[in-house]
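Asks: If you want the building blocks of each chain, they are given just below.
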Amino acid sequence: MLKNYFKIFLKVAAQNKLFTFLSLFGISLTIMFVMIFSMTLSKITSGSGPENDLKQIIFCQRVKTAETHNGKRWGNGYSVASVGKKFSEDYLKKVKSADLISMYTGPSPWEFIFNGNYQKKLQNQTDAEYWKVFNYEFLEGRPYTAEEVTNGANLAVISQSLKELLFGNEKSVLGKTIHYTSMNLIVTGVVTDPPKPDQNAIGDLYFPYTLLKGYDFDDYIGNYKVAFKSRGKKFDMIRNEVQAIVSRADAADTTRAIFLSGPFTQMEKMMVGYGDPEDYSIGLSIFKYLMMALAFILLPAVNLMSLNFARIHERGEEIAVRKSFGAASGILRGQFLFENILMTISGGILGIILSYVVVGLLGNSLSMSFGFWNNVPFSFSFDFKVFAVALTACLIFGLMSGFLPAVRLSRMKPAAYLKGGEI
Amino acid sequence: MIKLENISKVYRTKEIETLALDNINCDVSEGEFVSVMGPSGCGKSTLLNIIGLLDEPDEGKIALNKELIMSYEDKKTAKMRNQLVGFIFQSFHLIKELNVYDNVELPLIYRKMPASERKQRVTEALEKVGLTNRMQHYPSQLSGGQCQRTAIARAIAGEPKIILADEPTGNLDSKIGHEVVDILAGLNDNGTTIVMVTHDEAIAKSTHRIVRLFDGRLVG
Ligand SMILES: Nc1ncnc2c1ncn2[C@@H]1O[C@H](COP(=O)(O)OP(=O)(O)O)[C@@H](O)[C@H]1O
Ligand SMILES: [Mg+2]
Chain A
481 MLKNYFKIFL
491 KVAAQNKLFT
501 FLSLFGISLT
511 IMFVMIFSMT
521 LSKITSGSGP
531 ENDLKQIIFC
541 QRVKTAETHN
551 GKRWGNGYSV
561 ASVGKKFSED
571 YLKKVKSADL
581 ISMYTGPSPW
591 EFIFNGNYQK
601 KLQNQTDAEY
611 WKVFNYEFLE
621 GRPYTAEEVT
631 NGANLAVISQ
641 SLKELLFGNE
651 KSVLGKTIHY
661 TSMNLIVTGV
671 VTDPPKPDQN
681 AIGDLYFPYT
691 LLKGYDFDDY
701 IGNYKVAFKS
711 RGKKFDMIRN
721 EVQAIVSRAD
731 AADTTRAIFL
741 SGPFTQMEKM
751 MVGYGDPEDY
761 SIGLSIFKYL
771 MMALAFILLP
781 AVNLMSLNFA
791 RIHERGEEIA
801 VRKSFGAASG
811 ILRGQFLFEN
821 ILMTISGGIL
831 GIILSYVVVG
841 LLGNSLSMSF
851 GFWNNVPFSF
861 SFDFKVFAVA
871 LTACLIFGLM
881 SGFLPAVRLS
891 RMKPAAYLKG
901 GEI
Chain B
8 MIKLENISKV
18 YRTKEIETLA
28 LDNINCDVSE
38 GEFVSVMGPS
48 GCGKSTLLNI
58 IGLLDEPDEG
68 KIALNKELIM
78 SYEDKKTAKM
88 RNQLVGFIFQ
98 SFHLIKELNV
108 YDNVELPLIY
118 RKMPASERKQ
128 RVTEALEKVG
138 LTNRMQHYPS
148 QLSGGQCQRT
158 AIARAIAGEP
168 KIILADEPTG
178 NLDSKIGHEV
188 VDILAGLNDN
198 GTTIVMVTHD
208 EAIAKSTHRI
218 VRLFDGRLVG
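Read top to bottom, the protein sequences are chains A and B. Each number in the working numbering comes from the position in the first sequence (counting from 1) with 480 added on. Each number in the working numbering comes from the position in the second sequence (counting from 1) with 7 added on.
None of these hints come from the bench; they were simulated from the model. Every residue, glycine too, gets a C-beta built ideally from N, C-alpha and C. One or more of the hints may lead you astray.
List of simulated lysine-lysine pairs, DSS-like, C-alpha gap at most 25 Å [unchecked claim]:
1. A:893 to B:182
2. A:483 to B:21
3. A:601 to A:552
Using C-beta positions, here's what the derived DEER-type ranges look like [what the hints assert, rightly or not]:
4. A:532 to B:124: 58 to 64 Å
5. A:888 to B:124: 56 to 62 Å
6. B:119 to A:753: 25 to 31 Å
7. A:779 to B:119: 37 to 43 Å
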């Protein structure tokens with residue numbers, strides 16, 4: 481039976497070349513975008529360079545506090561931002577179920593004039609554990625130690641590209657001085673530049689966070705992120721411990737209600753984005769993004785659906801004949817959906833090939849960024865999940881564009897197409 | 008084998024209402040070969056479509072193989088068409104995207120039947136119409152007579168008890184037409200009940216009985 485349908489599919493596709501071209505064109509472009517998006521996303525969430533252990537790391541990055549009075553919310557005022565210094569040091573870094581915990585400000589812009597030219601680089605203020613949570617490749621020197629961080633030593637680790645900018649092709653730059661705002665930092669290490677898809681560990685200048693006062697807003701809110709590394713991926717244990725700490729702090733503080741979402745994996749972190757830490761829901765975020773993805777497929781699917789409707793009458797005789805010889809409506813719907821899914825999957829395979837061609841030719845000159853993402857160039861990925869996403873998209877595409885035409889087609893009255901009498 | 012009782016069928020379009028069949032009563036017994044004759048537009052095709060459960064009458068009852076049709080539920084009528092009836096049309100209505108073999112196999116793919124049995128049945132049907140050497144041909148590569156022989160093979164592949172043929176010779180020259188009728192007569196000799204619409208008096212006379220329709224009514 482499927483062989484019969486498959487033959488029909490090939491013949492119909494070959495007979496109606498314009499229709500086939502239009503269908504395949506729409507599907508393959510859509511799937512191409514789906515592929516490029518999911519390949520880039522897969523690249524980001526699987527981690528590379530210093531983030532090569534990304535799958536073992538979860539992050540806290542946003543805290544919300546609201547004023548309370550006698551345990552009740554006081555007005556509508558609230559504040560949301562990154563985690564405070566004190567809260568990170570005294571509470572989050574004490575979580576026992578994580579193997580390693582690092583606090584750091586994360587890549588932040590650093591703008592300066594060098595040799596008369598405007599430069600834009602990234603700086604990151606970190607603790608010593610940072611160098612163990614993330615695996616940088618040191619070209620020379622070493623990271624600063626825990627003791628040096630505690631003592632506020634004027635040390636800096638710099639990226640290879642910053643080294644080349646400031647010192648040209650000097651062989652070693654250890655011990656040289658770098659000016660950051662009003663501070664003089666001594667270079668203690670040079671690291672390879674992290675690859676672009678890294679969302680957490682990119683940067684050019686790293687120095688001990690103790691060198692700056694930071695700008696804690698209150699006891700909980702400030703400008704830090706906290707990363708928990710667990711080799712055994714005991715994320716739930718860490719989450720429970722963190723949330724228990726937050727509850728305790730919340731209970732102890734009569735003037736504030738405290739909310740902290742997560743800690744989240746990289747994927748969850750991107751999905752929650754700037755969501756309210758008091759009222760976040762991963763499920764809702766997933767739903768939101770699924771809806772967006774569906775909406776993205778909807779337009780070309782409606783397009784294919786109208787093409788399908790337009791050519792239903794071409795199939796009238798065949799449908800009538802099949803009905804005469806015993807095909808029930810459900811069987812005919814199945815046949816049409818099968819053909820339509822074959823079409824969308826063919827388009828999908830074309831789209832997958834296209835996506836590799838586009839990323840191969842233009843990957844470095846095109847990039848993606850939104851929400852919590854840093855700018856990321858289009859990337860390759862041969863992750864099977866990416867193919868699963870593309871194939872699922874094809875299936876949904878095929879069902880969406882094929883269902884209604886299939887219903888109409890299966891309801892056609894055969895008698896009208898079987899005029900056997902007079903000419 | 009076929010029993011029609013007070014069958015009426017009205018076609019309604021926006022402008023006109025056509026009474027295509029008007030209170031038809033008719034019995035065809037098992038093994039009979041009946042010709043239906045009448046001028047163009049008198050309701051012959053409508054009658055065959057109603058017997059073949061492709062169309063629903065507005066009034067009246069119909070029984071096939073001693074089973075009274077109570078409802079026209081899609082799955083049920085599809086199954087009865089599949090098991091009981093084989094259609095042959097004036098303009099063949101072969102599926103042009105499929106070759107002779109696949110066309111003949113059509114009624115069998117809607118049955119639960121092992122592939123080997125399907126193959127055997129298709130080959131047998133093609134042997135009966137003398138087309139075993141054209142299995143891989145497509146309808147566009149066949150002559151009119153070969154197309155109609157393919158259509159007959161398709162109609163008999165499922166070994167139905169009833170064959171409904173709507174002017175099977177209408178598109179063929181008289182020599183080929185007679186060959187087609189000979190094949191049908193052979194099937195009838197083996198017990199198949201046949202209802203055939205024809206304009207050809209000579210052909211009609213060679214069958215057991217002639218039923219004449221005029222303006223939707225049985226006459227004579
Ligand atoms: N689908 C239809 N809609 C409206 N009128 C129809 C339809 N099919 C047939 N008719 C009308 O019903 C009458 C009988 O048609 P038909 O059974 O095809 O006649 P015959 O086969 O004897 O030439 C004709 O007047 C025809 O115009
Ligand atoms: Mg007719």
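Asks: So, for every hint listed, does it hold in this structure?
Replies: Evaluated hints:
no.: 1; hint: A:893 to B:182; result: violated (34 Å)
no.: 2; hint: A:483 to B:21; result: violated (42 Å)
no.: 3; hint: A:601 to A:552; result: violated (44 Å)
no.: 4; hint: A:532 to B:124: 58 to 64 Å; result: holds (59 Å)
no.: 5; hint: A:888 to B:124: 56 to 62 Å; result: violated (34 Å)
no.: 6; hint: B:119 to A:753: 25 to 31 Å; result: violated (53 Å)
no.: 7; hint: A:779 to B:119: 37 to 43 Å; result: holds (41 Å)
Checked against the numbered hints above, the structure violates hints 1, 2, 3, 5 and 6; every other hint is satisfied.
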